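In the order they appear, the protein sequences are chains Y and E.
Residue numbering for the first sequence follows the numbering used here, beginning at 1 and increasing consecutively.
Residue numbering for the second sequence follows the numbering used here, beginning at 1 and increasing consecutively.
Hints are computed from structural coordinates only; laboratory data are not their basis.
Any given hint might turn out to be false.
Stated by the list, open to error - Quick list of in silico lysine-lysine cross-link-like pairs, BS3-like style, CA-CA up to 30 Å: (1) E:LYS77 <-> E:LYS56; (2) E:LYS77 <-> E:LYS52; (3) E:LYS106 <-> E:LYS77; (4) E:LYS77 <-> E:LYS60; (5) Y:LYS9 <-> E:LYS68; (6) E:LYS106 <-> Y:LYS14; (7) E:LYS106 <-> E:LYS52; (8) E:LYS56 <-> E:LYS68; (9) E:LYS52 <-> Y:LYS9.
Said to hold, decoys possible - Simulated restraints on C-beta separations: (10) Y:SER18 <-> E:GLY78: 45 to 53 Å; (11) E:GLU69 <-> Y:THR70: 38 to 46 Å; (12) E:SER83 <-> Y:ALA82: 35 to 43 Å; (13) E:ASN22 <-> Y:GLY96: 27 to 35 Å; (14) Y:GLN17 <-> E:GLU16: 48 to 56 Å; (15) E:THR51 <-> Y:MET27: 27 to 35 Å; (16) E:ASN59 <-> Y:MET27: 19 to 27 Å; (17) E:SER3 <-> Y:GLY3: 25 to 33 Å; (18) Y:GLY16 <-> E:VAL82: 23 to 31 Å; (19) E:THR51 <-> Y:SER80: 36 to 44 Å; (20) Y:THR5 <-> E:TYR30: 27 to 35 Å; (21) E:SER83 <-> Y:THR110: 24 to 32 Å; (22) E:THR20 <-> Y:THR86: 32 to 40 Å.
Computed from a prediction, not measured in an experiment: that's the story for all the values here.
Positions of the beta carbon are idealized from the N, C-alpha and C atoms, including for glycine.
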Amino acid sequence: NAGVTQTPKFQVLKTGQSMTLQCAQDMNHEYMSWYRQDPGMGLRLIHYSVGAGITDQGEVPNGYNVSRSTTEDFPLRLLSAAPSQTSVYFCASFSGGAYGYTFGSGTRLTVV
Amino acid sequence: GNSVTQMEGPVTLSEEAFLTINCTYTATGYPSLFWYVQYPGEGLQLLLKATKADDKGSNKGFEATYRKETTSFHLEKGSVQVSDSAVYFCALRPFNQAGTALIFGKGTTLSVSS
Numbered sequence: 001n002a003g004v005t006q007t008p009k010f011q012v013l014k015t016g017q018s019m020t021l022q023c024a025q026d027m028n029h030e031y032m033s034w035y036r037q038d039p040g041m042g043l044r045l046i047h048y049s050v051g052a053g054i055t056d057q058g059e060v061p062n063g064y065n066v067s068r069s070t071t072e073d074f075p076l077r078l079l080s081a082a083p084s085q086t087s088v089y090f091c092a093s094f095s096g097g098a099y100g101y102t103f104g105s106g107t108r109l110t111v112v
Numbered sequence: 001g002n003s004v005t006q007m008e009g010p011v012t013l014s015e016e017a018f019l020t021i022n023c024t025y026t027a028t029g030y031p032s033l034f035w036y037v038q039y040p041g042e043g044l045q046l047l048l049k050a051t052k053a054d055d056k057g058s059n060k061g062f063e064a065t066y067r068k069e070t071t072s073f074h075l076e077k078g079s080v081q082v083s084d085s086a087v088y089f090c091a092l093r094p095f096n097q098a099g100t101a102l103i104f105g106k107g108t109t110l111s112v113s114s
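Chain Y extracted, bound-state conformation (with noise of 0.2 Å):
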């Protein structure tokens, strides 16, 4: 089925360590975030791409890194993972012009 597709939907993650959360799409959409969701907050930006190999900062990017090297796959890499960054992180891509995004069913991240 055409979409998102998100993996790992559950992480633990033991605080310093890092992984890779996934997230890839066949639409061939240029377009591709990345957000995490937390109560009360709403969904914050963390990355995002206008295409291969173009990645910008959002609102929230410290202690996660990405890269975008084909237009389906957009991983988010936790370089030294931390308990604040206990949230659910979902990746959503676009394709222009006036239509919305399109969200992966998301990935729930606990660090201790």
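Assemble the complex: chain Y is given as a structure, and chain E must be docked to it using the hints.
Using the frame of chain Y, we list chain E on its own:
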């Protein structure tokens, strides 16, 4: 800068009641405006959108009108159902920045009882 302000919840209604969730925005020019819905345990789904002043977005009985003069995009539904219980997010995409990601409000939780 660009921002979205939503009414704080939770909003608790009985089935068949009228729903309004207020949303106002700050942005230059004419941003595109969206309402997204998040059902428990799921990701966000696009509910409706409007791209220019006076446009009305509608879907599944929900409506919202892009009001440039009041910088608002309030969500309404004439008769809510239990199945409408979810978190609703208002969002904007800045004018002439098609590649820029969405800016979200903090979300409003709607709870509908039978």
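Inset, instruction - Could you tell me whether the CB distance from E:ASN22 to Y:GLY96 stays inside 27 to 35 Å? - result: holds (29 Å)
Inset, instruction - Go ahead and decide if the range 27 to 35 Å is satisfied by the Cβ distance of Y:THR5 to E:TYR30. - result: holds (33 Å)
Inset, instruction - Using the beta carbons of E:GLU69 and Y:THR70, state whether their distance is inside 38 to 46 Å or not. - result: Check passed, 44 Å falls within 38 to 46 Å.
Inset, instruction - Starting from the hint 24 to 32 Å, judge whether the C-beta atoms of E:SER83 and Y:THR110 obey it. - result: holds (30 Å)
Legend entry - Distance restraint evaluation - Y:GLY16, E:VAL82, Cβ atoms, bounds 23 to 31 Å: violated (44 Å)
Inset, instruction - Would you check the hint for E:LYS56 and E:LYS68, treating anything up to 30 Å between C-alpha atoms as holding? - result: With Cα atoms ~12 Å apart, E:LYS56 and E:LYS68 stay inside 30 Å; holds.
Inset, instruction - With 45 to 53 Å as the target window, see if Y:SER18 and E:GLY78 comply at their CB atoms. - result: The hint (45 to 53 Å, Cβ to Cβ) holds, given that Y:SER18 and E:GLY78 are roughly 50 Å apart.
Legend entry - Consistency of beta-carbon spacing, Y:SER80 to E:THR51, with hint 36 to 44 Å: Hint holds: Cβ distance 41 Å, inside 36 to 44 Å.
Legend entry - Distance restraint evaluation - E:THR20, Y:THR86, Cβ atoms, bounds 32 to 40 Å: Since E:THR20 and Y:THR86 have Cβ atoms about 34 Å apart, the given range 32 to 40 Å holds.
Legend entry - Given hint E:LYS60 paired with E:LYS77 - CA-CA distance at most 30 Å: Given pair E:LYS77, E:LYS60 holds - Cα atoms ~9 Å apart, limit 30 Å.
Inset, instruction - Can you let me know if the beta-carbon spacing of E:SER3 and Y:GLY3 is within 25 to 33 Å? - result: holds (29 Å)
Legend entry - CB-CB spacing for Y:MET27 and E:THR51 relative to the 27 to 35 Å hint: violated (20 Å)
Hints 5, 9, 15 and 18, counting from the list given before, are not met by this structure.
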